[in-house]
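Line by line, the protein sequences give chains A, B and C. Position one of the first sequence corresponds to residue 1 (our numbering), numbered consecutively onward. Position one of the second sequence corresponds to residue 1 (our numbering), numbered consecutively onward. Position one of the third sequence corresponds to residue 1 (our numbering), numbered consecutively onward.
Think of the hints as simulated: they come from the structure by calculation, not from any bench. Honestly, I wouldn't trust all of these hints.
[Unchecked claim] Here are the simulated DMTMM-like pairs of lysine to aspartate or glutamate, each with C-alpha atoms no more than 20 Å apart in a straight line:
id, chain 1, residue 1, chain 2, residue 2
1, A, Lys75, C, Glu244
2, B, Lys90, B, Asp186
3, C, Lys164, B, Glu96
Listed below are the residues making up each chain.
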Amino acid sequence: MGTILQIKNITKRFGGLTAVNDVSFEIERGALVGLIGPNGAGKTTLFNLIAGSEKQNSGTIWFDGINISKFSVYKRVKQGISRTFQIVRPLRRLSCLDNVIVGCMSPRGKIMSADIGVSHLASSILGSVGLVDKARIPPIVLPFGDLKKLEMARALASNPELLLLDEPFSGLAHEEQMIIFDLIKRLHEEGYTIIMVGHVLRELMALVPRVLVLHQGKLIADGTPQEVVNNRIVYEAYLGRGTEDENT
Amino acid sequence: MAADIFTSILEILIFGASLALILSLISLGYSLLYGVGKVINLSHGMLYFLTGYLIFAFTEYIKIPYVWGIILSLVIITGVGVLTYYALIKPFQENEIMVLIATFALGYFIFNLVLLTENVLKLNVIPGLIFLDGFVPGFFMVFDVQFTYYRLFVIVMSLGMILAVIFFIRYSRFGKAIRAVSQDQDAAKLMGINLNAVLMFTVALSAFLAGVAAFLYVPLQPMMMGSGWDILLLSMSVVILGGMGSIPGTVIGSFILAFSVKFCEYFINDLVGFQISTVFHLIIIIVMLMIRPRGILGKKEKV
Amino acid sequence: MVEKEVSLVDEELEDLVIESRVQIKEPLVKFFHQITSGTKKIINYQIPSSGNNLKTWIKSFRGKVISLSMLLVIIIPLLLNDGAYYSIFIAAMIYAIFAASWDLLAGVTGQVSFGHSAFFGIGSYAFAYFLIAFQLHWLVAILFSAIITVVIGLIIAIPALRLKGPYLALGTMAFSLFLYYLFQFPELDAESIDLPLAFKIFRWTNPIQIFIIVLVFMIISVLIILIVYNSKLGTIFKGIRDDETATEASGINTTKYKLYSFMISSFFAGIAGSLYAIHLTNVSFHNYSNLLSFYPVIFTLLGGIGSISGAVMGAFTFAILTRVISEGMGFLSLIFPGLPPAFTTQIETISVFIFAIILLLIIRFTERGVMEPVIRHTKSLWDILLGK
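Turn these sequences into a full structure, and let the hints guide you.
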């Protein structure tokens, strides 16, 4: 057990705009954490910083005791971080199976596939998200819900310890949301550490034991869903912003 | 010895200046097009080549007076620009690589068309140098060095043209539209700017400027077979040096390149034993792409 | 590089080794076993994603068309035994190797280079150099020149890999032009290098032997490239092409794999260059200009970019059509004696011109190459004929 992720005083500026402002927190191994906040609060930027596709202006990121602040994206994946994208990015001209195989060919993925072979591993990962019958089909023809599932399969393929899920529920119908919900619960039970960005507050609050709230780049709350919901600052942040969250 | 160096420096300055201004003219259109539409037009050099050839053909074969030949060629080349836009650039707005390939093919198309016309019509065997006569005769002396009035004319004309373009972009309404589109296409669209018109105009302007550069410069520097691709690479090197899409960058880049090439011609070539001046621009492209692809004044892009 | 497939081969080799130890030493038998098991593996090789293998491909219409045309290509020259015909097909096959190598880099891995003529030229010059200066056996010379091409390819690749899209295309174009001018410097005396006509095993001037050599090289080269294309390595290449960011996010070191692609591509381009030198018995920089970089673009757009077989088909179509054009021009000038001689002498110019037009049309109206629609239409025609 112990801390797997440490964010220390991370700041990211884009020109005049400070997207992430002196944010610090720690995540325990095996935790399931929600990251919420009004639109534009900096959630995806924070994810990008953790995953490595953006570089912070100041501050450090520690993963499993190692300072990964200067690591490239694939090097961080090699450490055990994996992420999904809010706007799904499948590899368009490859089949679903091939999409997952790419992840399995990463250093950690290859370790995981050492016994059963990459193709079989990829098939079983597709099976775990419920896409096995779509294995030979390219993403272009798939419905949106399946694309979201594929996105998760691809993130799992690189054998991560920490999963960063960017809006895994958005754009899905209720039944599909429940499928993803169950999947995330199962992954949590299997021991994955998961940070989830979400807008759908009701489901999120029911799922996660801990919530981080971001507003205008600052971390304004960190606690159980109950505590956060009753937090005055959070209340004002959402009220001041708009109505999109409560009614989604 | 000192006198030689002095004359060399003088020549470098004057020849370099005219070369720099011409390069600016040619590269301006090229850079603008990239800034506005993210389009790299690989047939750009061929536009120069085609204009030169058209003027030559009109004056030598069809015997039109020189001035009319120039005007006609400029009109034609602008038309080619517009056609290029509609046929090859507009359909591929999203796909940069296809535009590259398409304009690459267009460049070969134009080049071989010219070659074929020359050979099939058996007009004249081009080994091929194209000579044009400048129409400002006479020369003047500066410290024992001879310069033609025509060169002065070229310097003045190209400077004027460049300034005209700069003023147009800065102060006219359409110029503002061009600047808006080059900053943010989507925002410009939302503000009601007609993207189509702006892009088409930029392509036409780009072709026109290349044509002007051709009619100005060919009398000073005869065109050869390889000129088309050469010009393209020269403009590319200017633009990569100065920054894609930046007008001041283009001008600065062309001056740096022109003077460096002239300097090499006079002093460095003999030093190293080979014609480094002829490949200098290529070296610049390679080096710049390696150390700073966005150029001196270019905006920061994901290259 | 070819991950799981390699370990399978090792396993089978082990079996074979144990087997042959039990038998009386018969190296020929072992060799025979290797060939048959290898062939069986190739035929039954399953493409991971689509589940097809060679048998199903041949059964498909497209496979039949391609296989039939390849067979014709091999048989016709042998039947006609006319030097000129050998020449066309030899050139076609060399272009096919070149096309396949470019397609692997550009169509499959998404690294579009407009400077591939550099690798071709380096292959030729290196081959001539090894042959003349070191008196190496021609096979060894080909291999060495390919290796040199890879080394230089790496030198280009390492800086080039930081560039994306148009910048990569331009940078490679600048580099190949730079080399082109470099070779023109009189000090190097590289304008025209003739290869010794009689060398080691046979005379260069025998077209049948050259034909067979080039044929063998083409089959092996294209086969290897196809194997890479269908392997997991190829899957990674395609991933890089489709979305490099997403592929990197899956944990792949995209720079490393782009380097692999460059290496394989330049290797085979170098081989094509060497074979070309053999074909012409002469190496001259005039042949390795910018225009040559344009050729793979023509080939792949004709045949379909990104599918190695398309590039090969495009190369053949180009070579054959060029011949048709030149014959056509010759024919026309017979019919119309008043036609200017340019029609027969300017064949290359005319060909490039025509192909540029075709290319522009193709680019404008399709994106995946003409072969697919043509084959599809031919298939419908065929079905109609069969009364389906």
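Tell me the numbers of any earlier hints that the structure contravenes, in ascending order. none
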